[in-house]
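There are 2 protein chains.
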Amino acid sequence: MKIGILGYGNLGKGVESAIRQNPDMELVGVFSRRDPASVETKGAPVYPLEKALEMKDQIDVLILCGGSATDLPKQTPEFAKWFNVVDSFDTHAKIPEHFSNVDAAAKEGNKVAVISVGWDPGLFSLNRMYFGAVLPEGVDYTFWGKGVSQGHSDAIRRIDGVLDARQYTIPVEETLNAVRNGSIKDYTAREKHTRECFVVAKEGADKEKIEREIVTMPNYFDEYDTTVHFISEEELKRDHSGIPHGGMVIRSGKTGFNKENRHILEYRLQLDSNPEFTASVLVAFARAAYRLSKEGQTGCKTIFDIPPAYLSPKSGEELRKSLL
Amino acid sequence: MKIGILGYGNLGKGVESAIRQNPDMELVGVFSRRDPASVETKGAPVYPLEKALEMKDQIDVLILCGGSATDLPKQTPEFAKWFNVVDSFDTHAKIPEHFSNVDAAAKEGNKVAVISVGWDPGLFSLNRMYFGAVLPEGVDYTFWGKGVSQGHSDAIRRIDGVLDARQYTIPVEETLNAVRNGSIKDYTAREKHTRECFVVAKEGADKEKIEREIVTMPNYFDEYDTTVHFISEEELKRDHSGIPHGGMVIRSGKTGFNKENRHILEYRLQLDSNPEFTASVLVAFARAAYRLSKEGQTGCKTIFDIPPAYLSPKSGEELRKSLL
Numbered sequence: 001m002k003i004g005i006l007g008y009g010n011l012g013k014g015v016e017s018a019i020r021q022n023p024d025m026e027l028v029g030v031f032s033r034r035d036p037a038s039v040e041t042k043g044a045p046v047y048p049l050e051k052a053l054e055m056k057d058q059i060d061v062l063i064l065c066g067g068s069a070t071d072l073p074k075q076t077p078e079f080a081k082w083f084n085v086v087d088s089f090d091t092h093a094k095i096p097e098h099f100s101n102v103d104a105a106a107k108e109g110n111k112v113a114v115i116s117v118g119w120d121p122g123l124f125s126l127n128r129m130y131f132g133a134v135l136p137e138g139v140d141y142t143f144w145g146k147g148v149s150q151g152h153s154d155a156i157r158r159i160d161g162v163l164d165a166r167q168y169t170i171p172v173e174e175t176l177n178a179v180r181n182g183s184i185k186d187y188t189a190r191e192k193h194t195r196e197c198f199v200v201a202k203e204g205a206d207k208e209k210i211e212r213e214i215v216t217m218p219n220y221f222d223e224y225d226t227t228v229h230f231i232s233e234e235e236l237k238r239d240h241s242g243i244p245h246g247g248m249v250i251r252s253g254k255t256g257f258n259k260e261n262r263h264i265l266e267y268r269l270q271l272d273s274n275p276e277f278t279a280s281v282l283v284a285f286a287r288a289a290y291r292l293s294k295e296g297q298t299g300c301k302t303i304f305d306i307p308p309a310y311l312s313p314k315s316g317e318e319l320r321k322s323l324l
Numbered sequence: 001m002k003i004g005i006l007g008y009g010n011l012g013k014g015v016e017s018a019i020r021q022n023p024d025m026e027l028v029g030v031f032s033r034r035d036p037a038s039v040e041t042k043g044a045p046v047y048p049l050e051k052a053l054e055m056k057d058q059i060d061v062l063i064l065c066g067g068s069a070t071d072l073p074k075q076t077p078e079f080a081k082w083f084n085v086v087d088s089f090d091t092h093a094k095i096p097e098h099f100s101n102v103d104a105a106a107k108e109g110n111k112v113a114v115i116s117v118g119w120d121p122g123l124f125s126l127n128r129m130y131f132g133a134v135l136p137e138g139v140d141y142t143f144w145g146k147g148v149s150q151g152h153s154d155a156i157r158r159i160d161g162v163l164d165a166r167q168y169t170i171p172v173e174e175t176l177n178a179v180r181n182g183s184i185k186d187y188t189a190r191e192k193h194t195r196e197c198f199v200v201a202k203e204g205a206d207k208e209k210i211e212r213e214i215v216t217m218p219n220y221f222d223e224y225d226t227t228v229h230f231i232s233e234e235e236l237k238r239d240h241s242g243i244p245h246g247g248m249v250i251r252s253g254k255t256g257f258n259k260e261n262r263h264i265l266e267y268r269l270q271l272d273s274n275p276e277f278t279a280s281v282l283v284a285f286a287r288a289a290y291r292l293s294k295e296g297q298t299g300c301k302t303i304f305d306i307p308p309a310y311l312s313p314k315s316g317e318e319l320r321k322s323l324l
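Sequence lines, in order, name chains D and X.
Take 1 as the starting number for the first sequence in our numbering and just add one per residue.
Take 1 as the starting number for the second sequence in our numbering and just add one per residue.
Just so you know, these hints were derived from the structure itself, not from any lab.
A few of these clues could be false.
Repeated chains share a single entry, so a pair holds when one copy, or any two copies, can fit it.
Unchecked claim - Taking lysine-lysine pairs in the DSBU-like style, the calculated list, with each CA pair at most 35 Å apart, reads: (1) K202 x K237; (2) K42 x K2; (3) K314 x K185; (4) K42 x K207.
Just so we're clear, the structure is a prediction, and the values are computed from it rather than from any experiment.
The task is simple: from the sequences and hints, build the whole structure.
Given below as structure tokens:
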């Protein structure tokens with residue numbers, strides 16, 4: 001199948017890389033709002049965004065790699081009229097609205113659109129669903145990290161006197177272990193995660209003031225135990241240039257006529273590169289979008305709607321033989 | 001939806017219990033080869049097996065709770081002609097043959113049959129599939145335990161001089177940690193699991209001989225480090241009457257243009273009661289079988305073929321809002 005990439009940031013790069021791991025896929029090109037001459041891919045041809053529509057018959061699935069804040073709410077419905085698309089829209093609270101916009105557009109164009117693909121939303125959501133379906137009486141806990149939160153890093157960068165920053169979200173080990181041992185409780189934000197910040201201050205900046213502004217920042221940091229380390233630009237580059245992430249979804253549930261048996265289900269991801277892993281998930285769902293479209297299906301789908309086998313290059317027979 | 005249970009061992013009991021946790025389901029009754037008067041359920045009416053066919057219009061899905069060795073290879077194709085069925089057939093090597101027999105029968109009867117549901121085969125298989133689809137370049141490891149292996153316990157019970165026995169399969173912690181840290185290697189059976197046996201010897205039996213027979217038993221124990229403890233009948237009853245199990249599927253994979261980023265994906269189950277958990281999975285898939293059948297689908301399905309949302313009592317809208 002022939003894949004197009006729209007947007008070439010970290011996620012778009014990850015998709016270019018992931019396609020090389022899937023021999024049944026071919027990358028047609030990258031479409032960008034930037035001047036194509038300024039976009040350095042690892043080999044994929046680059047076209048201006050306007051060119052996409054002209055090339056629509058050469059593309060089976062267009063993978064949308066823009067951001068959730070402003071790009072995808074507009075782009076996904078726009079392009080779903082003309083292409084089978086997959087996006088990683090991750091603003092949880094706005095998913096119902098996004099779904100309905102994209103569904104209307106995809107149905108209008110007789111296309112398939114798969115939204116909110118990645119790991120959260122995505123594989124974590126999927127596991128919350130399977131867990132709840134097989135253990136109806138239970139509680140889910142989601143922990144994130146250890147990993148880099150772009151949103152929190154950006155929030156620190158906006159503070160006066162800050163040159164650059166990196167924020168790690170870290171699950172609290174004691175709470176994690178308690179949950180794994182079946183403890184059921186409404187944990188506070190502080191009990192579940194800590195936040196660790198590596199900050200490069202501008203010369204002469206008031207570090208005490210920066211630290212105070214970080215740890216008291218509403219929504220982002222005030223409800224957590226936050227540690228702030230000031231480091232040099234070189235150290236930040238040397239030790240904190242990766243974009244690792246991960247986390248775990250844990251369900252603690254009971255069965256039995258007297259609820260006497262406890263079961264702990266856990267799904268855990270430990271990712272060296274958050275964008276490359278998300279891109280790999282997008283690419284597997286591009287395969288599903290292609291197959292659903294070939295079957296004549298249309299409209300917006302999520303990870304809940306897609307038969308697992310549609311993600312795999314293996315046939316049903318191979319899957320039953322080798323993986324069941 | 002109306003559910004029937006065929007077979008009332010540990011699994012059938014687990015299904016009776018699980019149905020109480022699913023308000024959209026109603027248990028019509030248990031069908032047994034035994035004299036109904038001798039089958040003590042927790043309230044479900046018991047009918048002789050022959051009565052099932054007469055009652056077929058009162059049953060939306062029949063959950064088959066027999067064993068994989070001799071019951072299911074006959075029963076699933078037989079009953080799939082008349083009922084939507086779900087089974088937990090777990091002889092991995094014979095799944096393709098079972099699938100094809102059941103598929104023909106279900107198609108003949110215009111019914112849906114879901115086979116090999118549980119956790120391995122079942123949820124573990126599902127995760128092996130998702131893991132491989134999103135990280136094509138990687139290796140899977142499956143560990144089982146700590147948990148009771150019925151097959152190994154039975155093998156010990158067949159030894160001369162043994163009154164009763166319980167065998168635990170236990171993952172080797174060092175190997176598990178190595179895999180979680182990204183080590184890729186062909187581990188031997190001995191490197192992955194140890195076996196711990198609790199044995200009640202008959203009075204006057206030669207314990208040294210029993211121990212030697214256990215640890216050298218081909219296929220079952222000779223490739224493992226095995227520990228044997230002789231205990232009293234009372235101790236076995238007091239400390240080892242549960243049927244816990246579990247395990248983990250771990251994929252270690254790489255992404256990036258130079259495969260420079262490693263990702264570890266893990267799915268872990270820790271189950272107080274293996275049969276009750278398996279039963280809970282069967283019940284969720286009974287819901288899916290019912291829905292597929294309502295849509296007019298027929299034939300044999302596995303966990304790979306079923307859209308996740310079909311397992312959940314929640315609507316697509318609710319799922320997107322609350323779990324995505």
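Evaluation of the provided hints:
no., hint, in the structure
1, K202 x K237, "within (15 Å within a copy, 69 Å between copies)"
2, K42 x K2, "within (17 Å within a copy, 57 Å between copies)"
3, K314 x K185, "between (42 Å within a copy, 24 Å between copies)"
4, K42 x K207, "neither (40 Å within a copy, 68 Å between copies)"
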